[in-house]
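Engineer: Take the two lone chains, each set in its own frame, and fit them into one complex as the hints suggest.
Those protein sequence lines, which keep their order, are chains A and B.
The opening position of the first sequence corresponds to residue 1 in the working numbering, with each subsequent residue numbered one higher.
The opening position of the second sequence corresponds to residue 1 in the working numbering, with each subsequent residue numbered one higher.
Fair warning: there could be bad hints in the mix.
Chain B is nowhere near these chain A residues, computed Cβ spacing over 12 angstroms in every case [said to hold, decoys possible]:
hint : residue
1    : Glu7
2    : Arg220
3    : Ser331
On the chain B side, residues computed to face chain A include the following (Cβ under 8 angstroms) [unchecked claim]:
hint : residue
4    : His87
5    : Ala93
6    : Met107
Quick look at which bits of chain B chain A covers, simulated, 3 or more residues with Cβ under 8 angstroms [claimed, not checked]:
hint : segment
7    : 95 to 106
8    : 121 to 129
These are computed hints drawn from the structure, not numbers from a lab.
Where is the CB? At the ideal position from N, CA and C, for every residue including glycine.
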Amino acid sequence: MAKTVAEINDKIRQGKAVVFTAEEIIEVVKAKGVKRAAAEVDVVTTGTFAPMCSSGAYFNTGHANPRIKMGGGKVTLNDVPVYAGFAAVDLLIGATVVADDDPRNKVFPGKFAYGGAHVIEDLVAGRDVRLVASAYGTDCYPRKNLDTLIRLEDLNEAVLFNMRNAYQNYNVAVNLGDRVIYTYMGVLQPKMRNANYCTAGQLSPLLNDPLYRTIGVGTRIFLGGDQGYVVSHGTQHNPGVRRSDRGVPRVPAGTLAVTGDLKQMSHRWLKGASFTGYGVTLTLGLGIPIPILDEEILEFTAVTDAELTAPVVDYSQDYPNCKPEILGEVSIAQLKSGEITVNGKKVVTAGLSSYAFAREVAQVLKRWITEGSFFLTEPVAPIPSADSGYKFKPLKERPWEPAQAAN
Amino acid sequence: MAKKKVVLNFPPHLIDQPITYRLVKDYDLVVNILRARITPREWGRMVVELNGNGSRLDEAMNFLADLGVVVEPLAGEIQWQEERCIHCTACVAPCPTHALDLDRVAMTVAFDRERCIACELCLNVCPYRAIEMAFE
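Just chain B, same shape as in the assembly (with noise of 0.2 angstroms):
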């Protein structure tokens, strides 16, 4: 079994396609919607942790490439400029996953990425521009 978070951007003329049953149906994947955002006539943008036998996963990524489907890393979204951070905390409380989690013995933050699932809800709490979206 293999798992992975990705962001699939879909083009507008596939946004009435039932991508994710087909996704669940015929490459069998366990499909977790973690965010989506559609809109009619404009680019959808749907976080997912995907999690299903490797080589089916791989085949998935090329029936969503030869679709149009833009598959991004998530890892990569939500970057935390540690240089730019100092450790006032104010990120930590809305972040639902604690992949912005806090020492509490040094009170200094930390940022996990594999926990991230770039629902961007510390990118307004930060003053300090630290936390930053890498495509948008």
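So here's chain A without its partners, still in its complex pose (with noise of 0.2 angstroms):
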């Protein structure tokens, strides 16, 4: 009994569409079996609350009078460098960047208390933020400095535009070393003494539409608390790899390009997070809906936290080396449990994201469709999925060296 898209929109203008978040459909499928939840459900929608460092901003300031060319210039927000190399208002920031004079890990473990994710919040929050920019000058933009406070209801466009979010699971990671490590997976104590984990499990967006039968460029989502779009597929997207009988990944796969307007946005949802010894993020609330438009789509919603496994990865070694070794697989409702046995080895685990968060988001996004607020998408294009071909890389790392004096 397939449905489409249209069909589910016109439900959701009447008021008449049946939506439930990616946990709640997991008791209604064990209730009324897959038959009967395809047929009466219409909407499953995700979330997830974490942090993504591939994230950042764009603004147009408007022109200054007289006229200043940023472009080419120096451009700094709070004393955190923005990228100018555009025209000549147009600013680029990204989530991880830090004030040059930041004393990053000189002193270890560094701080990393403000960068790029704390301006983008600082603007969202409504917060005056300093801009400073020098230019070289020219006959059409002469002045060469400028030293003013900003804010984002002054700006003309202000749009998050994130090439990696979303990762479809993600490593659990630990420490096998004697020292402490500081990564950005969290503080790892040695000897595998804690291991952290970053998913939202049975609610995460990419875990339940695997194969990304509905999820495509241009889907509507939830993003930093308004709507936003998929772009595309996002950077060190990885579909081929090794998958469970339901297709779902078992390492980290696919991930998502996404823009929104950062004008709608609420720093409720969007915080900068500062991960000691590491630097500088941005956590971030996104959510998919995902429409029922047969009984496959719905049993890959159904997927529960004990059939989801992310893999045991040593950072002490093997992840700055790039050692493709796992230490094993564990269930994410081991995970969440605040235990894990690897190795033979009993092992705590704290999150990196945010649980729940990630079930207020899928709430919130489930409110608006109830409410008819939120209308669902289908993709212009698909994104690659596992059988693409389609693959992440490595650095194909080929030394500079001096050519020989041609003499």
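Structural biologist: So, in structure tokens, the structure goes:
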């Protein structure tokens, strides 16, 4: 009993759409069975709220009088360098950039108290941000210096643009070494005394549509508290990995590039994060509605934490040296219980992805759809799936050597 | 019997004095040292749980104050800023006393001041500065 996105949108318009979160649907399928549930349910909403480093934002500040060509000049926001290599007043800031005079890891482990993600959070929170620019001056853009406060509402376009979010599955990080290590997966105690994981598991967007049957280019999503869009597959997209019988990746796989209007977002759903000894990143709420077009899609969304697994990876040696070994696989349910067993050793676990907030993202999205303020989309184009042959390659390093003197 | 957890701050000139001994011997207190940092010529800092007769405990506090030991309540030392917390749970595993604990149904973190021994292990694992030291 197949449905179409158009039919589901009609039901949303009439206030008749049946919507469950990816957590709720598990019980629905248990109670009603796949066939009946697939017929009755129209949409399953997913959500995640986690650090996502490859995030950033671009702005158009409007022109100062007299004009200044920041493009090709130097620009900072709250002392954090901004990329200005565009036209006169278009600026791009990445989540992980820090001020030039930030001590970074000189006193190890560094605090990384403020960076690009915090600038984005400050703007979204409506706070003043100091813009300092220096330029070389031209006949048409004579001004060479600018030092002013700006705020989000006064900017022209302000757009969140993330080249890689919503990783489909992620490593569980442990430390086999004999000193504490400070990683993007948090602080890892030596001799595998703790394990950190980062996934929303059964609520995670791409774990509920493992073969990207409904999520594609142009899919409308929840992003940072507003409606955003999937741009395409994200960087490092790697769909051809090992998968379970149900098609779910057993290791990190697909990713999404997404975008949305920063002016409509809320700092409740978008926060700067400081990882001791590692750096700054942006923690972001993202949710994707999955139209239940057929039984297979419904079965995908009913996946549980007990069925999902993540690989345990050593971050003292294996990860830094790109070794493919894993120490084992554990289920998300085990990770959430607070303790896993790796090579016969019991290890306490902690998360980096907020399940509580992920649940809320899925609930908000469900409410929007039920209220008729959010409509589903059909992908404009698919993103490369498991059988596409699309791969994430390592860097082919070819050390540069100065050319031999030609005389 | 009364019990309290406090932070004792020792000025540098008291570092060589056997003050804990006096608390045990003269005031009949059970002194449980939870954490201590003692460096010559610097302020020393000791987190202790004191257990004993209520009036003796008060007398001991006066004795410490007279000596110049600055006594601070422990409960206020570590502060959990709930509005900054995203409930990622990164702080829960390193906390040795379950002062930071996780409701595994709601998957939300809660902080129980009474259990906190101000070991500071949570401070650098929180990416959101949701856990802060009050006096430092």
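Engineer: Each hint needs a verdict: does it hold in this structure or not?
Structural biologist: Tested hints:
no.: 1; hint: Glu7; result: holds (35 angstroms)
no.: 2; hint: Arg220; result: holds (25 angstroms)
no.: 3; hint: Ser331; result: holds (15 angstroms)
no.: 4; hint: His87; result: holds (4 angstroms)
no.: 5; hint: Ala93; result: holds (4 angstroms)
no.: 6; hint: Met107; result: holds (4 angstroms)
no.: 7; hint: 95 to 106; result: holds (count 3)
no.: 8; hint: 121 to 129; result: holds (count 5)
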